[in-house]
Amino acid sequence: MRTLILFLLRFKTLFLFLGLELISFWLIVNNNQFQRNHFLSSSNVVVGSVYNLSDKIYKYFTLASVNASLAKENESLNTELVQLREQLAFYRQDASYTGRRYHSVQNNYSFVTAKVIHFSAGNQKNYFTINKGENDDVRVGMGVVNEKGVVGIVNSTSSHFASVVPIVNASSWTSATIKGKTHLGQLSWKGKDFRYATLQEVPLYIPVALGDSVVTSGYSSTFPEGFMVGKVISFSERNDNFYDIRVELAVDFDKLSYVDVIRCQYADERSALEKRKGRSDD
Amino acid sequence: MIDITLKRLLSFVGFLLLQILLLNNIKFLGFITPYLYVYFILLLPSSVSKEMTLVWGFLLGLVLDIFCDTLGCNAFATTFVAFLKPYFQNFFGPKDDFDDLTPSIDRFGFNMFVQYVAYLVLIHHLTFFLIEAFTLSVFWFALLKAVCCSVFTLLLILSFEYFKARRR
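Protein sequences appear in the order of chains H and B. Numbering follows the working numbering, with no gaps: position 53 of the first sequence is 53. Residues are numbered in the working numbering as their position in the second sequence, beginning at 1, plus a constant of 1000.
Quick caveat, the hints were computed from the structure, so don't treat them as lab data. Any given hint might turn out to be false.
Ranges between beta-carbon positions, derived for each pair [unchecked claim]:
| id | chain 1 | residue 1 | chain 2 | residue 2 | range |
| --- | --- | --- | --- | --- | --- |
| 1 | B | I1002 | H | E75 | 54 to 64 angstroms |
| 2 | H | I23 | B | G1014 | 19 to 29 angstroms |
| 3 | B | S1159 | H | R2 | 46 to 56 angstroms |
| 4 | H | M1 | B | F1031 | 44 to 54 angstroms |
| 5 | H | V66 | B | V1138 | 25 to 35 angstroms |
| 6 | H | L9 | B | T1102 | 25 to 35 angstroms |
| 7 | H | G19 | B | G1030 | 33 to 43 angstroms |
| 8 | H | R85 | B | I1026 | 44 to 54 angstroms |
| 9 | B | S1104 | H | N78 | 51 to 61 angstroms |
| 10 | H | L81 | B | L1006 | 54 to 64 angstroms |
| 11 | B | K1164 | H | E75 | 42 to 52 angstroms |
| 12 | B | K1007 | H | L81 | 19 to 29 angstroms |
Don't be surprised by glycine CBs; every beta carbon is placed ideally from N, CA and C.
In isolation and in its complexed conformation, chain B is listed as follows (with noise of 0.2 angstroms):
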């Protein structure tokens, strides 16, 4: 138990560290950067409860935003996919298991997966762009600037899940 928590602090951390370190540096053609690291709440077992869940993303957000001085947008987001994902997990996951599930491609099948992954990341991206302008009049460049980013995301989080796949 304990060891599965470290485990997912460390991710956590390690999720943290790769989105501030790096991704955040990166600006395809000026404005476009994978959110991955959404991806850890995207990640999270059926057996941490919707509770944990939220926390989880509440926090995750937060100490983003303290790094990105965009204090409660990024919380805001990922407290929104927090609350959204377990139900998206019922809806694309496999129905026949529920003890145990950890989202994965194996898992949930590739397509399942895909959309799974997309939805959230397009969710998480779009609320994320709209509380960042904080306003609704640049609605059409925030859905642009989602969906670009989401690709990006999606992209990188289905490479790290081969990745996965091939040491497995």
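The shape of chain H in the complex, shown without the other chains (with noise of 0.2 angstroms):
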């Protein structure tokens, strides 16, 4: 027993080299033999998990790949896009252009078209002028428009020329409402931003959701009903029980060219009327 131990322990390195090689071995006919060990093979449990994570960081590494495939998609997709609303814009302009004959013959509105010749833009006070004045019925007062929506109201005119107080006016103030709603609400312009103007005078108990289109009203002569003024991008309620409204205008006053003259044909007689009505109830 003795020799036996001490043969061992002289061998020691050679027996546990044929040890480990028989377990290796064994391993090997085994794995043969059976395919595939269950417990010790890639499907275990810590074996996945790392592979996982070699998964998760490899993907890490080809972010830049498929952002670069991305921003390829993105970008065809958006000139389809563009092509799309140029189109959808065409068709819309012929419908909207079938809607405004058809609004013109029921309300006796008729448009003139006119180029924007000047465009005053200080900060404040911003004025333009149009090509078109009194030789073609433009009269003070009329409500001035484009194919996106409301521009402005004539403040004067000459014979050839008028000039437009545009909405985007600190002083100017135009009657718009919520589409949907009856409830007139006070468009202003606080003089810093071209695209934003303030929609007041709304009470909280009108429900107001982002998006919601801002329109004229057609309570006044000036604009018929329904002119696209923009779009609410934000609102908060003030203390007072009304909303203060946001408005992303929908005409770019930075891109104007043509406008249209909205002349009312029984303007004046309206008008009169309306005067008059008012003076009685004193």
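Taking the hints as your guide, dock the two standalone chains into a single complex.
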């Protein structure tokens, strides 16, 4: 026994070597017989999670190319979007044209197309000049729109020209309403950014949502009902039961070129009637 | 002592991860994969006993096997290399100091180190490929594969060595 132990100790390296090789060999044979040893294989939880991690890291490093392909896709989608938008705008324009004709027949409105020839974009009191005047029946107080929406109101005229106060003039205000509601709000411009205006005097009990359209009310002869002013982009509730609504204007005042002046055939008659009515109420 | 063991354990895990996550995915020309992980055994200093070398080698191969679904093949080859390694180290290594010799180009000299690495790597690869095939009928192809892969592994090891030498 003692000799055996001594013998084993003397050749312990060799025996360890042989033992380990035997285990390896047994594993190989075992593995080949059963194809897959479920305990010690890649289905193991630890092994699986390591591969999972490596997969994640690999994906992280491929982010750059993924980004590139996404950007490319984005680009092509954007191009398509712009094309479709243009088409849509084209057809919309047509539709609104028919709508306008209908409107004009029904309400005796007609349109005079004019070109903006000067835009004095000061800080607060902006005006612009159009190339149509009294000779084309453009009168003070007429509404001015373009294909996107409400632009402003004529405030003085000469025989060939007219001066228009746009809604982006700090001293002007226009009445407007949330589309689908009847309550009048007061649209004013705070004198900062051509893109945004403020709608006030809308009572709190009216439900307002982001993205709601702000349109003209049709309660005056200046603008027919339903002309686009802009979209609600944010609103806050004031203490006095009214909203403070920030409106993104539909018209791009930086790129104003052609506008339509709205002529209401019986505007004078209407305003005279309304004045008289008001007086008799007093 | 604990510090050294911990360091060795870390390099053990490091070599395995490098092998599993990176090198095993390399299939140059369809079949050439560097098996750098053997380098771990080759780097064990002479102060590590022959038995411990064997155990390290066996464990190294076994863990790799578990990850590669080649149960036993790597363990067999690495144990074999671990068994031979001390003898090769004595043969190719410097004869003068025996206290604690960590194989490196500096200590062995370029020529001896390359031979030391090349023989052991070739033996490992050949053993592995033959065990993997589990038949001698593919001997020539296994030999070709072993030589090709050995060249790759050797180049990798040498670049590691130069890296270490430059850092010093």
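CB of B:I1002 to CB of H:E75, is that within 54 to 64 angstroms? With a Cβ separation near 58 angstroms, B:I1002 and H:E75 satisfy 54 to 64 angstroms, so the hint holds.
Can you let me know if the beta-carbon spacing of B:K1007 and H:L81 is within 19 to 29 angstroms? Since B:K1007 and H:L81 have Cβ atoms about 58 angstroms apart, the given range 19 to 29 angstroms is violated.
Do the beta carbons of H:G19 and B:G1030 sit within 33 to 43 angstroms of each other? Check passed, 37 angstroms falls within 33 to 43 angstroms.
State, for the Cβ atoms of H:V66 and B:V1138, whether the hinted interval 25 to 35 angstroms holds or is violated. Because 41 angstroms falls outside the window, the suggested range is violated.
Distance restraint hint 46 to 56 angstroms, applied to the beta-carbon atoms of B:S1159 and H:R2: Check passed, 52 angstroms falls within 46 to 56 angstroms.
With respect to the beta-carbon atoms only, verify the hint that H:R85 and B:I1026 lie 44 to 54 angstroms apart. Once the Cβ atoms are compared, 49 angstroms apart, the range 44 to 54 angstroms for B:I1026 and H:R85 holds.
C-beta pair B:S1104, H:N78: status relative to the range 51 to 61 angstroms that was hinted: Holds: the Cβ-Cβ distance is about 58 angstroms, inside 51 to 61 angstroms.
Within 44 to 54 angstroms: is that where the Cβ-Cβ distance between H:M1 and B:F1031 falls? With Cβ atoms ~52 angstroms apart, the hint holds.
Given the hint of 42 to 52 angstroms, check if B:K1164 and H:E75 actually sit that far apart at their C-beta atoms. holds, 48 angstroms
Take the C-beta atom of H:L81 and the C-beta atom of B:L1006, compute their distance, and say whether it sits inside 54 to 64 angstroms. holds, 59 angstroms
Falls inside 25 to 35 angstroms, the C-beta gap from H:L9 to B:T1102? For B:T1102 against H:L9, whose Cβ atoms are near 28 angstroms apart, the range 25 to 35 angstroms holds.
Can you let me know if the beta-carbon spacing of H:I23 and B:G1014 is within 19 to 29 angstroms? holds, 25 angstroms
Hint compliance for this structure: hints 5 and 12 are not met, and every other hint is.
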